[in-house]
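S.K.: Whole structure, please, built from the sequences with the hints as guidance.
Per this note's numbering, residue 5 is the first one in the sequence shown, and the count goes up by one each step.
I should point out that these hints are in silico values taken from the structure, not numbers from a laboratory.
Ideal placement from N, C-alpha and C gives every residue a C-beta, glycine not left out.
Take these hints with a grain of salt, some might be off.
[To be verified] What follows is a list of derived Cβ distance ranges for each label pair:
no., residue 1, residue 2, range
1, T215, A259, 23 to 31 Å
2, T116, E47, 21 to 29 Å
3, W241, P113, 24 to 32 Å
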Amino acid sequence: MKTARRILVGIAILLVIVLITVAPDSNAADNTSSPDTQVFVSEAVTPELSRPVRDIPPRTLEQTLNREINPIRNPGLFMDDLGLTGSNTTDQDPLVALSHMETGYTPSPIFTFEGLGTDGYTPPDTMGEVGPNHYVQMVNVSFAIYDKSGNVVQADTPYTDLFAGSGLTYCSSQNDGDPVVLWDSMADRWLLSQFAVSSSPEHMCVAISQTSDPTGAYYLYEFQVPDFPDYFKFGVWPDAYYMGTNTGYPNQYYAYAFDRDAMLAGLPATYQYSNGHPNFLLP
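M.R.: Here it is in structure tokens:
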């Protein structure tokens with residue numbers, strides 16, 4: 005009888021040990037399948053080939069005042085000196101004087117030349133990138149191309165004109181800005197982008213140069229995105245074009261990985277994305 009009791013006690017102890025060791029694995033499996041850690045894959049987007057940029061007639065858009073600055077967060081916006089260091093010292097930060105004690109100065113630029121203006125947007129969100137032979141500048145809603153001596157190769161060109169005639173409805177008609185231009189040194193290609201968010205659903209308009217010449221033709225992609233891709237930033241990596249966006253609370257941030265190999269070849273491309281907590285170090 006004692007032997008049977010010992011056997012039953014042993015079996016009970018063994019069952020408890022098994023339950024304790026199995027329970028964490030079950031929870032881990034539940035955690036890996038939670039929505040916060042899921043990765044979503046988009047449908048494939050088929051690109052269109054643009055006409056060469058050099059064949060697009062440059063034109064400057066009609067000047068309009070589109071302010072992105074929030075005056076509530078910029079109390080000096082309407083002051084004579086914008087509330088910056090100058091003759092008007094009203095409400096200036098008392099620590100400004102300490103900055104005058106520094107003896108170090110930013111070195112003078114090696115070379116300067118006149119680039120694009122605001123094209124009616126304040127701020128212009130100026131972006132620029134240097135390649136082997138060219139400098140490409142983008143501002144809110146336009147781009148221009150220069151040689152390394154500062155000579156204009158392609159004058160002020162609306163970004164939507166690059167998509168004109170492609171059949172990509174959103175990117176050819178909604179010139180909404182937030183530009184990003186990158187030189188992909190690993191592939192000797194250019195990436196130009198801005199978003200189209202005037203209507204829902206929102207889209208990312210991405211152009212990949214067919215060759216290393218920024219004045220040539222581009223593979224045009226119109227990617228529908230799950231939410232407003234504010235303040236997006238692109239990065240080049242061997243396995244993908246990465247993009248971070250800050251959609252703000254409650255939609256949080258999104259991290260994207262675009263199929264770089266397919267885009268460089270002008271093939272249908274997808275992207276993967278995941279999201280996380282609001283404004284957590286991204287983009």
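S.K.: Taking the numbered hints from earlier one at a time, note which ones the structure violates and give those numbers from smallest to largest.
M.R.: 2
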